[in-house]
Amino acid sequence: MEKIIYMDNAATTSTGRAALDAMIPVLEKDYGNPSSLHQLGQQAADLLADARKKIASSIGAQPDEIYFTSGGTEADNWAITQIARAGAEKGKKHIISTAFEHHAVLHTLKRLEKSGFTVTLLDVHKDGIVRVDELEAAIRPDTCLVTVMYANNEIGTVQPIAEIGAVCRKHGIPFHTDAVQAVGHLPIDVQKEKIDLLSMSAHKFHGPKGIGALYCRRGIRLTNFIEGGAQERGKRGGTENLPAICGMAAALEDACKGMDERAKRVAAMRDRIIDGIVQNIPHVLVNGDREHRLPGNVNICFEGIEGESLLLRLDLEGICASSGSACTSGSLDPSHVLLAIGLPKEVAHGSLRLTLDEGNTEQEVDYLLHVLPGIVSGLRDMSPVWEEMMAAENN
Amino acid sequence: MAMGYSEKVRDHFANPRNVGKLDNADGIGEVGNAVCGDIMKIYLKIDGDVISDVRFNTFGCGAAIATSSMATEMIKGKPIDEALKLTNRAVVEALDGLPPAKLHCSVLAEQAVKAAVADYYQKKGLPVPEECVSSCGGDCAHCCG
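In the order they appear, the protein sequences are chains A and B. My numbering applies: residue 15 is where the first sequence begins, and numbers increase by one. My numbering applies: residue 37 is where the second sequence begins, and numbers increase by one.
One thing to keep in mind: the hints can contain errors.
[Said to hold, decoys possible] Label pairs and their in silico Cβ distance ranges:
| id | chain 1 | residue 1 | chain 2 | residue 2 | range |
| --- | --- | --- | --- | --- | --- |
| 1 | A | 113 | B | 166 | 44 to 50 Å |
| 2 | A | 183 | B | 135 | 26 to 32 Å |
| 3 | B | 136 | A | 35 | 40 to 46 Å |
| 4 | B | 135 | A | 276 | 35 to 41 Å |
| 5 | A | 125 | B | 166 | 45 to 51 Å |
| 6 | B | 69 | A | 102 | 41 to 47 Å |
| 7 | B | 56 | A | 331 | 19 to 25 Å |
| 8 | A | 276 | B | 51 | 36 to 42 Å |
| 9 | A | 356 | B | 51 | 36 to 42 Å |
| 10 | B | 56 | A | 26 | 37 to 43 Å |
| 11 | A | 388 | B | 135 | 24 to 30 Å |
| 12 | A | 409 | B | 51 | 30 to 36 Å |
| 13 | A | 121 | B | 57 | 22 to 28 Å |
| 14 | A | 409 | B | 164 | 26 to 32 Å |
[Claimed, not checked] Covered by chain A, per the in silico footprint, the following chain B stretches (three or more residues, Cβ under 8 Å):
| id | region |
| --- | --- |
| 15 | 70–76 |
| 16 | 82–95 |
| 17 | 155–169 |
In case anyone wonders, no lab produced these hints; they're calculated from the structure. For every residue, glycine included, the Cβ atom is placed at its ideal position computed from N, Cα and C.
Full structure from sequences and hints, please.
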């Protein structure tokens, strides 16, 4: 099989060497249960404590503020439902979020709406950035939670998290951020940024799948999510997934080392791709602000073609990408993120997302920029939508 | 390939047959819309009552392109009345199946052929055969909503 060029790191990343080296010994020999009192158990307990410490320090938190979960989705569900429940007990049933959150957040909010909560979804504007003044204006006396993602998974736009944190702290409202795309890629300090709750997922930063964490600041009341044993201070029962937890901690520690330098190198490849496409292919739209953007995110709409056929043609050339077209979502509507930034549906169908990381090379970027124009013009040549666009342009 | 596509779908997507347009086509049929994410346009050349040549242009996903390609192969050189018997199921079978979410693409291919034949009759000032009438009514949500 030919070499695969993997440009879908926002979907998942490869399991890194650091994670593997941390996990394999735990799978092979440190099989003790951290709750057991004998020496094998205590070795496991030490590994667990060490992992918790590493993860906490990578975001400026304390170890007892970290709760392990099965991933980002569970952390989002936990944070939102439990803070909402605490709010409801005080008669506060209003939540502020944004229109382009991940479905782990949006669908949880939908369920809360059915049980009597009111949700304000903030506009994310054409550039894919929330306005802090609009957020502050949306705050009501009964607002019990603000949840705004750190960086968007599709268009990569990074939100003004520290400013949002300051506004929420000023009004005494718990602030949760889904930081699944940001942790391990951007420097995060939960204290400086006044973040009360944060969700993360290991497989987005070269850790294993099926493991994540919820950070919850001391002083924020977090009710139990899974009843059972005393694991996670009784709030999430069930024997810990220790191999994955150790892999996650090692991956995050590795990701935080030399983060700035790595981000610069990845951002340079990102910009070369965006500039190369914009300069060489007509009728394209770059989605999301170019400055406040994850280092590895490229998201572009190609007018007149449909995204799934584009990504399948790229797949035939060995390039793994993703698209927000309806055909890839299994519904009639294209990505809610692209609609939230105001794209017409027919344009949103033609989106392509390429997400890079430090494993990608300049040669891979060259290859992509070499094959993409031909694929796009080939699909446009057989597109009645493109034909119509060109006819209108020539008249 | 991705999305659970069969080898035949993959082949017709990677190397679509009969792509393009026909100058002086005797019948042109266009179905679908860009808002829903797929449009198919089929061009027919008709000699006597036989479809002597056919081309297609499609805006859509891998399945939409593959079903367009297969449908054109299945009607090329066939008498009109036989082409009108082309069902979406036959196209799907010829492609060794499609994922459930993609079945609507095959309906679109069947409708595009019928619309092109209907156009041929209209251009000739002849009554449009009943078989040309679309069964879907263009309601995309009905099939894939």
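Hint check results:
| no. | hint | in the structure |
| --- | --- | --- |
| 1 | A:113 <-> B:166: 44 to 50 Å | holds (47 Å) |
| 2 | A:183 <-> B:135: 26 to 32 Å | violated (48 Å) |
| 3 | B:136 <-> A:35: 40 to 46 Å | holds (42 Å) |
| 4 | B:135 <-> A:276: 35 to 41 Å | holds (38 Å) |
| 5 | A:125 <-> B:166: 45 to 51 Å | holds (49 Å) |
| 6 | B:69 <-> A:102: 41 to 47 Å | holds (44 Å) |
| 7 | B:56 <-> A:331: 19 to 25 Å | holds (23 Å) |
| 8 | A:276 <-> B:51: 36 to 42 Å | holds (40 Å) |
| 9 | A:356 <-> B:51: 36 to 42 Å | holds (37 Å) |
| 10 | B:56 <-> A:26: 37 to 43 Å | holds (39 Å) |
| 11 | A:388 <-> B:135: 24 to 30 Å | holds (27 Å) |
| 12 | A:409 <-> B:51: 30 to 36 Å | holds (34 Å) |
| 13 | A:121 <-> B:57: 22 to 28 Å | violated (44 Å) |
| 14 | A:409 <-> B:164: 26 to 32 Å | holds (31 Å) |
| 15 | 70–76 | holds (count 7) |
| 16 | 82–95 | holds (count 4) |
| 17 | 155–169 | violated (count 0) |
Figure legend: structure checked against the earlier numbered hints; hints not met, in rising order: 2, 13 and 17.
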